[in-house]
Amino acid sequence: MGKSVESRMETKQAFALALLTSAIIVTLINGPLTIVKEMTPLKAALRTAFGHHWVGHGVILFIVFLILTIALVSVYRGRTFTDRLFARLGWLCCWPPPW
Amino acid sequence: MHKVFSFRRFKEHPSHMLFPISWEARVSREDVRICIHLHLIVVDVMLCNLKYCITLKLLEQSINLIPHVGVSKMSVSALIPLHVALGELVALSALWMGVELLERPSEARMKRVLAAALILAVTSWLSYIVGGHYYVVDYPSVRSVIVEGPMPWAHKVLMEAKEHIFLAGPYIATAVTAVIYAFRRELIANEALRRTLLISFAIIFVGVALVLGFGVGTSLGYRAALAGG
Numbered sequence: 001m002g003k004s005v006e007s008r009m010e011t012k013q014a015f016a017l018a019l020l021t022s023a024i025i026v027t028l029i030n031g032p033l034t035i036v037k038e039m040t041p042l043k044a045a046l047r048t049a050f051g052h053h054w055v056g057h058g059v060i061l062f063i064v065f066l067i068l069t070i071a072l073v074s075v076y077r078g079r080t081f082t083d084r085l086f087a088r089l090g091w092l093c094c095w096p097p098p099w
Numbered sequence: 001m002h003k004v005f006s007f008r009r010f011k012e013h014p015s016h017m018l019f020p021i022s023w024e025a026r027v028s029r030e031d032v033r034i035c036i037h038l039h040l041i042v043v044d045v046m047l048c049n050l051k052y053c054i055t056l057k058l059l060e061q062s063i064n065l066i067p068h069v070g071v072s073k074m075s076v077s078a079l080i081p082l083h084v085a086l087g088e089l090v091a092l093s094a095l096w097m098g099v100e101l102l103e104r105p106s107e108a109r110m111k112r113v114l115a116a117a118l119i120l121a122v123t124s125w126l127s128y129i130v131g132g133h134y135y136v137v138d139y140p141s142v143r144s145v146i147v148e149g150p151m152p153w154a155h156k157v158l159m160e161a162k163e164h165i166f167l168a169g170p171y172i173a174t175a176v177t178a179v180i181y182a183f184r185r186e187l188i189a190n191e192a193l194r195r196t197l198l199i200s201f202a203i204i205f206v207g208v209a210l211v212l213g214f215g216v217g218t219s220l221g222y223r224a225a226l227a228g229g
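Chains B and S, in that order, give the protein sequences. Mapping to our numbering: the first sequence position 22 is 22, numbers consecutive. Mapping to our numbering: the second sequence position 100 is 100, numbers consecutive.
Bound-form chain B, shown alone (with noise of 0.2 Å):
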């Protein structure tokens, strides 16, 4: 058994740690976000906006991933990271739905 990692995270692990996090918010957000699109009239004024719902629906996840990314480095530099806090950001980033 490896050495265990607690130690207070880089930048560079800050952003990494960020965008894991992001990710996860994101993808629970997708599927909420399409019933959401079917049941209000979000899914016509996207498709008015952006050409396609679709495309609306892409670039709505992007922003919030790049707002959510931003926001979360300073949340983590300077934090102590453990691999508990690891692990359970790596779990939870393959178990969103609908997987």
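Careful, some of the hints might be misleading.
Sample of chain S residues facing chain B (criterion: CB under 10 Å; computed from the structure) [what the hints assert, rightly or not]:
hint, residue
1, Leu126
2, Tyr128
3, Val130
4, Ser141
5, Trp153
6, Glu163
7, His164
8, Tyr171
9, Ile172
10, Ala173
11, Ala175
12, Val176
13, Ile180
14, Phe183
15, Glu186
16, Gly228
For each label pair, taking beta carbons as the anchor points, the in silico distance ranges come out as [to be verified]:
hint, chain 1, residue 1, chain 2, residue 2, range
17, S, Val137, B, Glu10, 42 to 48 Å
18, S, Ser77, B, Leu66, 26 to 32 Å
19, S, Leu102, B, Arg77, 29 to 35 Å
20, B, Ser74, S, Ser141, 46 to 52 Å
21, S, Arg195, B, His52, 38 to 44 Å
22, B, Gly51, S, Ile188, 17 to 23 Å
23, S, His133, B, Thr80, 40 to 46 Å
Treat the hints as calculated values from the structure; they're not laboratory data. The model shown is predicted, which means the values in this text are computed figures rather than measured ones. Just so you know, even glycine gets a beta-carbon here, dropped at the ideal spot from N, CA and C.
Fit chain S to the supplied structure of chain B, relying on the hints for placement.
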């Protein structure tokens, strides 16, 4: 600065032709074996892809020769094989990373994992853009043919699920690549991290394989509609 590829090293170590990167450590027999298997898979999937495109093209041409079918100017976009090939590379990269991390990685192994991770991220975004463009521009005419054919569920179930799952893929691939780059030293030292990533790659591979399967199902629906029209 570390050189990604050099012809001098390539001449000294012919096994470097198996990977487009050079590494400091000696190449073990196991590394070469894994490499050859991966390359055989690449050749195999590319041949399958070629066969798939030729079949679809021939079928499309034969249908266009029959006037009573009423399906004219049907075209198979060149973006489909590109999208499929990129998707196959995504699956292959995940598989490659998984194989590399089966045991505790060395520095050299981590370089290859990072190279595979970069391929994963780039190909997943390219596949996303190419597939998205095809879906918006060319797919509507294909969709109407599938829905009127004998396998309407190929669009209503498979493609509907595929287009939803597909949107999350590049984000996860980007995040995994960033994590491997930022935590590559920790990954060598820490067994728990390596296992977490190993399971993640296995799940990514299964997810991509699932999406590829849905794509094949949609294509079968189109073929069935053309043949049965």
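Hints, one by one, checked against the model:
| no. | hint | verdict |
| --- | --- | --- |
| 1 | Leu126 | violated (14 Å) |
| 2 | Tyr128 | holds (8 Å) |
| 3 | Val130 | violated (13 Å) |
| 4 | Ser141 | violated (14 Å) |
| 5 | Trp153 | violated (17 Å) |
| 6 | Glu163 | holds (6 Å) |
| 7 | His164 | holds (6 Å) |
| 8 | Tyr171 | holds (4 Å) |
| 9 | Ile172 | holds (5 Å) |
| 10 | Ala173 | holds (9 Å) |
| 11 | Ala175 | holds (4 Å) |
| 12 | Val176 | holds (7 Å) |
| 13 | Ile180 | holds (8 Å) |
| 14 | Phe183 | holds (6 Å) |
| 15 | Glu186 | holds (5 Å) |
| 16 | Gly228 | violated (28 Å) |
| 17 | Val137/S - Glu10/B: 42 to 48 Å | holds (43 Å) |
| 18 | Ser77/S - Leu66/B: 26 to 32 Å | holds (30 Å) |
| 19 | Leu102/S - Arg77/B: 29 to 35 Å | holds (33 Å) |
| 20 | Ser74/B - Ser141/S: 46 to 52 Å | holds (48 Å) |
| 21 | Arg195/S - His52/B: 38 to 44 Å | holds (41 Å) |
| 22 | Gly51/B - Ile188/S: 17 to 23 Å | violated (47 Å) |
| 23 | His133/S - Thr80/B: 40 to 46 Å | holds (44 Å) |
Violated hints, in rising order: 1, 3, 4, 5, 16 and 22; the structure is consistent with all others.
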